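2 protein chains.
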Amino acid sequence: MQVLEKLLDRIIQRVNINLRELGFDVTPYVHELAALNQMVKFYAFYGITPQHPINFQFMHSNLAGSYFLGRCRVTNSLLYKSDIRGDELKKKGAVFRFKQYEIPITRDEEIDIEDSLLIKTLVHCYSHDPESLEKFFIKDTIAMHYANIHGSPSDGCFLAPFSTVDLTTMHDCVVGEFSYIQAGEISHIKIDPGTVWIRSPEKFNFLYRFDSRQLENYIKFIPGSKPKGLLFDFVEDKKKDFERIFSLVNIETPRSVPVSATLDRYAVIKPHTKISDNVLVAQRAYLKNSWLGKGANAQENCYIINSRLEGCDVTAHGGKIIEADLGTKVFVGFNSFLRGSQDARLTIGKDSIVMPHTIIDISSPLNIPPGHIIWGLIRNEKDLKTNSLPIREFSGIETDFSIGNMIFEGSGSSFVSGFKDRIDHILDSNGAFFNGSENKGHAQKNQRISFNMIQPYPMGELKGLFPSITIQP
Amino acid sequence: MQVLEKLLDRIIQRVNINLRELGFDVTPYVHELAALNQMVKFYAFYGITPQHPINFQFMHSNLAGSYFLGRCRVTNSLLYKSDIRGDELKKKGAVFRFKQYEIPITRDEEIDIEDSLLIKTLVHCYSHDPESLEKFFIKDTIAMHYANIHGSPSDGCFLAPFSTVDLTTMHDCVVGEFSYIQAGEISHIKIDPGTVWIRSPEKFNFLYRFDSRQLENYIKFIPGSKPKGLLFDFVEDKKKDFERIFSLVNIETPRSVPVSATLDRYAVIKPHTKISDNVLVAQRAYLKNSWLGKGANAQENCYIINSRLEGCDVTAHGGKIIEADLGTKVFVGFNSFLRGSQDARLTIGKDSIVMPHTIIDISSPLNIPPGHIIWGLIRNEKDLKTNSLPIREFSGIETDFSIGNMIFEGSGSSFVSGFKDRIDHILDSNGAFFNGSENKGHAQKNQRISFNMIQPYPMGELKGLFPSITIQP
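Protein chains in written order, with this note's numbering: chain A, 12 to 484; chain B, 12 to 484.
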């Protein structure tokens, strides 16, 4: 295990060097948390399909529990139960459009993770950085529990638990707990916990900040200890339910899953869950006693419990929906936590947008009308008033607008149409619009995946380290 | 699946070209048997330990169910539920002694399988060919169910079900059902079913031939159909018991296994089986209601049922022991089938040698005294008289000797001491003589193996083919 320990020290050192300007030392956040003994126990898995270009290489790394699909390279890194998806990597010959530019892709895009530590972090590859089209790099980066790195590379960064970096290339940044950043490109900044920041230069700027004392009930991360709070406990409580699916080599898809839908073999499905046509249930999704209407999707690390989703609903990575009824085409963004209860059901009308990192946590029933956009922390009707707007009204914003803890600058219609286009892209790429022959997406393409299960050295000084493995067509 | 079909045709063609002189066409033996649909279903597994030099490469092959440990390369081959062991490969810098020669090993030995089809065939690597010390090749070779390729390379060969080629380099040969060949080097010959031939040039020659009509009860292989007979049915009947161990990713070793013993996680252990110190139970061994005394070993594909083995007993690859009591240090050779019953128990005294491919199938109790050597087909006391000798008496043979269907020429003592040395080597390398610190063998070294489980393309024209995988330290 000596080699694994040295590797951790080396990663910490490299990240600290990158973050020296911010005076941020990752050591106390990481050392107690990186449970090297746990890392020895879990296998990693790599998906084999004819649809995804295979090219996987890793060296001198631990990959415990990680999932890989598509072209990836991992070197000198520790990945603990992370999900690394590579099914939207750009292919050679494609053209990437960015503003007035049409940029040809010169070789198949590759995910490249080096000198990094990702603990239960999801990396998703739909990459948007026009400066790095063939290489999606995560270098000298430490990301903590249930963080998401989505659509853009990063180097020299620290991501706290339940943070999300979305379509945002980052250099030498620190992102606090439960913060959501979608800002194109940022460097050398430290983002406070509970910041929801969506910026499109010259178009708009959305900023919400959680009250720090309220946020601490949900997630709190003190250096040297495990993350705490409702969000963390909620996720940890469900861990046991995943044991069976990880202990078996292969799991048959139940007959009740339509031929146009995908239920990933690494998802947990508890009784009385309905999976309709064109539904995608991704790995590590957790469904219990819920109805997923046609074209709904349940992405990685999401939880849908005692709820009904009418159809074409998106539950993004890490979204949690408990005791709720969602109309058609409701979008629930990254890491959102929507918690009703049996006596206090949550209803969200069709065509609504629940922004990423929204918390709705109610003790009386709450009914959100159709066509609303919702953000921040909502515990009752009163909070709802300062944390939502009809989408039509939001689109009407032309310059500045502020309500509750939210500040908006720029064009509301540009903000709303950006969101709507993205929701349509997500539904389309996940196969929600498949008509039996056209518009195939992940729900139809990911149905049959073989998995290679790869394990580390069981003992000796290399204990916990994986041998070098190359998988190619 | 088209690529898999083409690969099978290509292998058949290559083997037929090698066997053209013997006028032997493998097509009808193979085409119906190579169940390509089955090959798609099973994963292969590769062992990771710090003790075994890792270097595994395969390309354009199907490996369904195969097991690998150590340095291997597989190209353009179909391996269906085969076991390929590489834990006795010679290492760079070692010296191989052969007669008056001391041959230095210039690089780590490698198993190299190319253009071959192995169906449930065990390959074991303790290689003895002084001409090919760094490469253990199996090229243009087709081997059928429960054949063993042990300790020597082969090219251009066909091995029928339950045949064994042991310490015998073969070129362009056909080996019939249940034949056992240990002859140094042979080429361009066809060996009839049921031949047991052990030859050491200028020292001795042992030849036994089963009566073909009697042998057919046990194994019969008609071109175009599955193998038939008691032996085949016996093995097929137990298949279901292996399902659980192959469906789980990891299996914990039961606490009742001593720290000095190894129970492979791919072995089947049914209730009331005692595993003593220094015992090795290899993958795909099957134990039920049996006692394995100190230092006994149960090798690949062996079955030990309702039996007691006192200690330091060897049950070689494919050996089957049912309702029997074996004294200490009884050797049961490859593919032997020893079947007593509740009312007709078989007893074999200590220090006895049951030669490879012996069948003892009794309906009244049979007691074989200590220190005997036993061969051929024995169904009663009468058969025993013509198919055994006290080892001391056998050692006394100086020129020719014949009894029953057996013919011996040369030095009996040389024959016996060769056997005894080999039994000691087997016990030693398997760890039977471990004293808590010295004399470690497989039983102590193989205890903790991680397995990579590798799977083929699930669909498309590459269906059933594995992607190219390289595993290195």
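None of these hints come from the bench; they were simulated from the model. What you are looking at is a predicted structure, and each value in this text was computed from that prediction instead of being measured. All residues carry an ideal CB built from backbone N, CA and C; glycine is no exception. Watch out, some of these pointers could steer you wrong.
Claimed, not checked - Mimicking SDA-like on lysine to any residue, the simulated pairs with C-alpha atoms at most 20 Å apart in a straight line are:
| no. | chain 1 | residue 1 | chain 2 | residue 2 |
| --- | --- | --- | --- | --- |
| 1 | B | Lys102 | B | Pro484 |
| 2 | A | Lys250 | B | Lys456 |
| 3 | A | Lys52 | B | Pro484 |
| 4 | B | Lys52 | A | Glu263 |
| 5 | B | Lys299 | B | Gln353 |
| 6 | A | Lys52 | B | Met464 |
| 7 | B | Lys52 | A | Pro61 |
| 8 | A | Lys17 | B | Pro484 |
| 9 | B | Lys456 | A | Gly471 |
Unchecked claim - Covered by chain B, according to a simulated footprint, are these stretches of chain A (three or more residues, beta-carbon under 8 Å):
| no. | segment |
| --- | --- |
| 10 | 172-179 |
| 11 | 191-205 |
| 12 | 457-468 |
Unchecked claim - A few chain A residues that don't get close to chain B, going by computed Cβ distances all over 10 Å:
| no. | residue |
| --- | --- |
| 13 | Tyr54 |
| 14 | Ile59 |
| 15 | Lys239 |
| 16 | Phe245 |
| 17 | Ser271 |
| 18 | Phe430 |
| 19 | Thr481 |
| 20 | Pro484 |
Each hint, compared with the structure:
1. Pair hint B:Lys102 plus B:Pro484 holds up; C-alpha atoms about 15 Å apart against a cutoff of 20 Å.
2. Restraint check for A:Lys250 and B:Lys456: not satisfied, since their Cα atoms lie roughly 34 Å apart, outside the 20 Å limit.
3. Distance hint between A:Lys52 and B:Pro484 is fulfilled; the C-alpha atoms sit about 19 Å from each other, no more than 20 Å.
4. The hinted pair formed by B:Lys52 and A:Glu263 meets the criterion: a straight-line CA distance of about 12 Å does not exceed 20 Å.
5. For the proposed pair B:Lys299 and B:Gln353, the alpha carbon gap of about 14 Å is at most 20 Å, so the pair holds.
6. For a cut-off of 20 Å, the pair hint linking A:Lys52 to B:Met464 stands: about 15 Å separates their Cα positions.
7. Note on B:Lys52 and A:Pro61: the hinted pairing holds, with a Cα-Cα distance of about 16 Å set against a maximum of 20 Å.
8. Between A:Lys17 and B:Pro484, the direct Cα distance comes to roughly 17 Å. Compliance with the 20 Å bound is thereby established for this hinted pair.
9. The hinted pair formed by B:Lys456 and A:Gly471 meets the criterion: a straight-line CA distance of about 12 Å does not exceed 20 Å.
10. Check result for the segment 172-179 of chain A against chain B: violated, 0 residues qualifying (beta carbon to beta carbon below 8 Å, three or more required).
11. Under a criterion of three residues with beta carbons nearer than 8 Å to beta carbons of chain B, the stated coverage of the segment 191-205 of chain A fails, only 0 such residues being counted.
12. For the segment 457-468 of chain A, the stated coverage by chain B is satisfied: 10 residues place a CB nearer than 8 Å to a CB of that chain, which reaches the threshold of 3.
13. Distance check for A:Tyr54 against chain B: the nearest CB is about 6 Å away, which does not clear 10 Å, and the non-interface claim fails.
14. For A:Ile59, the requirement that its beta carbon stay farther than 10 Å from each beta carbon of chain B is not met, with the minimum near 6 Å.
15. Distance check on A:Lys239: its Cβ is at least 31 Å (rounded) from any Cβ of chain B, clearing the 10 Å threshold; non-interface status holds.
16. Interface exclusion of A:Phe245 from chain B stands, the closest Cβ pair being 27 Å apart, more than 10 Å.
17. Here A:Ser271 stays apart from chain B, with its beta-carbon at least about 16 Å from theirs, past the 10 Å limit.
18. With a closest Cβ-Cβ approach of about 36 Å to chain B, A:Phe430 is found to remain outside the 10 Å limit, as its non-interface label requires.
19. Not every C-beta of chain B lies more than 10 Å from that of A:Thr481, the closest at about 4 Å, which undercuts listing it as non-interface.
20. Distance check for A:Pro484 against chain B: the nearest CB is about 6 Å away, which does not clear 10 Å, and the non-interface claim fails.
Hint compliance for this structure: hints 2, 10, 11, 13, 14, 19 and 20 are broken, all remaining hints hold.
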